[in-house]
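Participant: Using the sequences and the hints, build the whole thing.
There are 2 protein chains.
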Amino acid sequence: MRQLDAIFSPQSVAVVGASTTPGKVGHDIFVNILQGDYRGTLYPVNPRARSVRSVRAYPSISELPEPVDLAIIVLPPKLALSAVEEAAEKGIKGIVIVSAGFREIGGDGRKIEDEIVAKCRQAGIRMIGPNCLGVINPNPSVRLNASFSTHMPAFGHISFISQSGALCTAVLDFAAEREFGFSKFVSIGNKADVDELELLLFLHQDPETNVIMVYLEEISRGPEFIKTAKHITSGHRPTPIVVVKSGRTIAGQRAAASHTGSLAGSDAIYEAFFQQTGIIRADSIEDLFNYAAAFSYKKIPAGNRVGIITNAGGPGIVATDMTISSGLELAKFSQETVEALTSHLPPTANVLNPVDVIGDAPEDRYENALRSVISDEGVDGAIVILTPQSMTNALGTAEVIARIAINTQKPILCCFMGVVDVSAGVNHLQEHGLPVFRFPEQAAQAFGKLYHYSRWMNRQSLDQFKLIHDKDRASKIIQRALAQGRPSMSELEGEQVLQCYGFKVLQSMLARTKEEAGEFAESIKAPVALKIVSPQILHKSDVGGVVLNIDDGKTAAQEFEAIVQRGLEHVPNAEIDGVLVQKMAEREGQEVILGMNRYPIYGPLLMFGLGGIFVEIFRDVVFRVAPIGRNEAHRMISSIKGIKILQGYRGKPPLDVETLERSLVSLSAMVMDHPEIHELDINPLMVYEKGKDAVVGDCRIILKAPEEQ
Amino acid sequence: MRQLDAIFSPQSVAVVGASTTPGKVGHDIFVNILQGDYRGTLYPVNPRARSVRSVRAYPSISELPEPVDLAIIVLPPKLALSAVEEAAEKGIKGIVIVSAGFREIGGDGRKIEDEIVAKCRQAGIRMIGPNCLGVINPNPSVRLNASFSTHMPAFGHISFISQSGALCTAVLDFAAEREFGFSKFVSIGNKADVDELELLLFLHQDPETNVIMVYLEEISRGPEFIKTAKHITSGHRPTPIVVVKSGRTIAGQRAAASHTGSLAGSDAIYEAFFQQTGIIRADSIEDLFNYAAAFSYKKIPAGNRVGIITNAGGPGIVATDMTISSGLELAKFSQETVEALTSHLPPTANVLNPVDVIGDAPEDRYENALRSVISDEGVDGAIVILTPQSMTNALGTAEVIARIAINTQKPILCCFMGVVDVSAGVNHLQEHGLPVFRFPEQAAQAFGKLYHYSRWMNRQSLDQFKLIHDKDRASKIIQRALAQGRPSMSELEGEQVLQCYGFKVLQSMLARTKEEAGEFAESIKAPVALKIVSPQILHKSDVGGVVLNIDDGKTAAQEFEAIVQRGLEHVPNAEIDGVLVQKMAEREGQEVILGMNRYPIYGPLLMFGLGGIFVEIFRDVVFRVAPIGRNEAHRMISSIKGIKILQGYRGKPPLDVETLERSLVSLSAMVMDHPEIHELDINPLMVYEKGKDAVVGDCRIILKAPEEQ
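Protein sequences appear in the order of chains D and P.
Okay, so the first sequence: first residue is 1025 according to the working numbering, each after it adds one.
Okay, so the second sequence: first residue is 1025 according to the working numbering, each after it adds one.
Do not take every clue at face value.
No copy is singled out in the list; a pair is fine if it fits within one copy or between any two copies.
As the list claims (entries may be wrong) - With a straight-line cut-off of 30 Å between C-alpha atoms, the simulated DSS-like cross-links for lysine-lysine are:
(1) K1676 - K1607
(2) K1676 - K1665
(3) K1564 - K1676
(4) K1495 - K1728
(5) K1607 - K1102
(6) K1665 - K1490
(7) K1500 - K1676
Simulated from the structure, these hints should not be mistaken for lab results.
Facilitator: So this is what it looks like as structure tokens:
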């Protein structure tokens, strides 16, 4: 038996803290399990009651007549700790602690929570919570409703993991209204032991779960998350994951921090996580439902060509708009399909996509239209819209749709508009597992997510680069800087480290005197740039420490003095190591930026974008968490809007995108090899025509000794 | 009595084509009026029935015992025409033609529709339809349900105009579920006589309408629409208008065209219409409901600072995210408010925004929190979130919210999550006119729209420019080109026309020989550009017809020959008028593009954006329909993302935005003065530092004689 089975499918359950007072959590949870018709044996534990709701109570866990699989603990922190200790002695395998007052209030609460986790780990007990709503398993052979909610949801194939307990009740309530069926339902609370990642793995192995919905505030483990979630969504027997992640905005992150006591990372990190793992992101709780309904149906389109069938023009147009906006296309029907539609539909019908079967369409007209459309090889799936009109037979139409759906692997998403008039049809579709939406936009958006997932599962796989890096040399340079107590490396050092990872740099020499500056400028034989070098001066331009386009040695020597003087004016005590004399980059290139910031829990976040205004005004940047390989680098670069500029814009030749891919992979290797690199910017990296490589224009590396991190 | 009152509030109604057969439209509409408890007198007209549903029938309109206000006609086109003729003779004031088969099928249908309209106009009858669902007025003193729908909606203060009949039924169905109240409900169908604009005006004057929702496929009258809708949304007694406009995508426009037989304009035009009229655009039918609910409440926030009160962390975070994404801010509470919250709430509560009153909050905790928050001067409105938890009293909480809401002008938007558990509270809020949403995102989004509307009503008003234009001279230049049968003006002519409207142009001379080219280049005394001039060559660069940066007369003379030769190679029969020798624009400027396209029905669409990649890759452009004044020009320029570049970016000086405003106003005047200008591009207009003006770099003007338009 898998460890979490003791929690989700226990043979016996004890509610520790079961109360006789209605309204108290310890009473309500006990009643919800009891009245939910739990298929195992249920024990109330209460030292002061002989029975709870007619069920014989036991004064303590140790006095239970047999070992139980699961203990639901509803007790204040200190008593909860004692109960866990007792449970360990009794041989209990799973625990759910519902009560609050632990890590989220800090101080003693946090301490007790840590002790409980230690005790569970020692005893081999798995624990959900504390500070959670509980768990629900509506499977007819289990029927465990160990939650605050009086509603046991219907059994189905969607599992839900929620980091917000309060949200769970509302979600169950909506689910009841829409007859949503669940496989497993779990509120993770403080996730002191079992966290979202472990649950994702458990649900991935659950044959009853077709799709996992998650409400997430923050993840607990960054690097493992990527590896595991990617495997779940695209490995053997892939399971789609749909997530609402709150804290998209800075204000939202602050609200989350004050709520859970943990600092959620910036949204860019989460966006990277989701991109890298194929997780579908929903923008709202309502979308979460809609997407889960579509995925639960288990039919993923092979392509993005959608056929729309409707009995009303307006909703057809609305669906068309959202189809296009969701990255899909309106299918072009074959001649054969058009002929079939023409022969079956009245003359006023529209036989092109969207097919309008006209307001008075009976079910057979839908049947003929859908059969023709779905069997067209140029169609990857269909959206069927029904509005209640005078001749509409919602149930009959639902029946023909369900019959056709059985015989095709192409997804058919339905939109039956209205509530009262169409409910018999909606129920029939749901009973047959077909996703049905209230508004045409929702069906089209959900289809867009199915297609997105299809592309993720069938994503391109390029050969990896064979890269040779000089990790040792880079380590030495880094260690030297750290040994000298310098948190930021000089540009020259930074470039040396980058060179160890295959980056090309501009020829440059450190001049310590004006004479050297002149000499070096002559020897480099080209327009050069002069840049001040001082550990105290990080932003060279701001102190007038950079002069570009110097053509001769004499000017270089003069500028050397001027630069040093300006540097000292701005930072009087700066130690000036000298002035870097650097060959100017060739102009024809395009500036791009590569960057990295290292975050606790999450890891190193890589950044890529075009330089200057593209980043600063249009925010056209993309993030990924290292390590990444070539395919992730390729997707990163392809996903910026400015990709057209890299591909050769307005007759300009395409740029060396392969080199950019290699650069990102090398950068990833570099930050993985050297955890001391805390922050890094290559700004700009000048990239040239295809085959002509790229060169580092400037770089900035901030170090942090591992012990400071 | 206003003309449309005969349609919406008739004293007596005849259903012409009333049928005795259930399921037929002529039967169902009659029954819906009858069973809807219509307060006037209802007559069925049917030549073959003695009575319809026990009501005495009359064989024809002329035999009705009295003149009636409104005739609902449910007859095929030819019979409908006869009925209209009879109605005119009988003195009927209003007609609704429900039947289809008119303009939308073309041919005879269109002809009959035109005849009906002519007859109505002649007789002073106002007509809704044909091809529509009907009209509904739920006011208790009228109770007219002249529609296909068996549901008479509740009476309320939202009016709905729909261009899709089928959508109406679904909307009524949803409305019933959410207890949405309507003032007037009308399906406009082919809008052969009464169109959306007239209805907007009528509903604006209707004291029972607080907000107008519209489902729109295309508008009938462009220029009047802007003037009228702007007056409705921001003149005396402003009425907010919320619109779903389908056909956002090209595919959607095509679907709309095949549906209604009319060509909907590109979405850019509609976006311009909505921006210029203060119409709130909803992205989906569901949003339409949500926004209308918020506006129906009639409280518009003075600013964008929102206070959030919640009994659950997760939904509070979700609301915070959407608050920020919707252009709002989280209010910063005053010291006094924080102290009041601290004194009223338990120690674990969060007294900063979002206020977390904790899961076990009874109604008085909500009351204290909301009272403190809403009276804070730094708060412009509140979002109150309730999730059903163990101690939650949804009704009690709704009561305290409603009590507080009466005494404040600040909007309070509620989100009661869940369906079953909170319904008593939701009902109470709705009865008191308070907007209540199902998900926190919806409340925050709706608040964003309220604020958007507040900004529209309080928009800035700059003094208009005093511009003097030489309209006559421009006319002469245009007429000369038209007289010569040339659809496109030469660059030189275009610049002359632009100069008549105050645009600065680069010094330029038309060289007819290589010698002249050399001479002119010397006389202009600066780097010049050479550009081929030929009526057959529109895209000069594509044929190698442009050479830039020529520094001396000799090179200019050589290039003259090369340009002419290349031109003739590409367009063998081109008549070459010569080569324009033009002073190069100064480099320091920023390129912007001004453009215009003239559309039938809609008018001249002005375009503004930054040049090159900004337009082509980032689509950072904005549109308005001429005529525009300075304020609209100002809003246009401010609304592009690249505005930061114009305001002075990275230490660069701010550019001459006032000149850009003036240029747009002048361009607007120019295209209004000269309807022969069909298309126009000024690309680039080089704009310089503030106070240093702008200069036309190149322009292209396409003419069309008015008779061709």
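Participant: Each hint should be assessed against the structure and marked as holding or not.
Facilitator: Results of checking the hints against the structure:
1. K1676 - K1607: both (25 Å within a copy, 26 Å between copies)
2. K1676 - K1665: Both. Shortest intra-copy (17 Å) and inter-copy (25 Å) distances satisfy the 30 Å Cα cut-off.
3. K1564 - K1676: between (33 Å within a copy, 18 Å between copies)
4. K1495 - K1728: within (18 Å within a copy, 70 Å between copies)
5. K1607 - K1102: Intra 69 Å, inter 86 Å, cutoff 30 Å: neither.
6. K1665 - K1490: Within one copy only: 29 Å inside, 41 Å across.
7. K1500 - K1676: neither (42 Å within a copy, 42 Å between copies)
Hint compliance for this structure: hints 5 and 7 are not met, and every other hint is.
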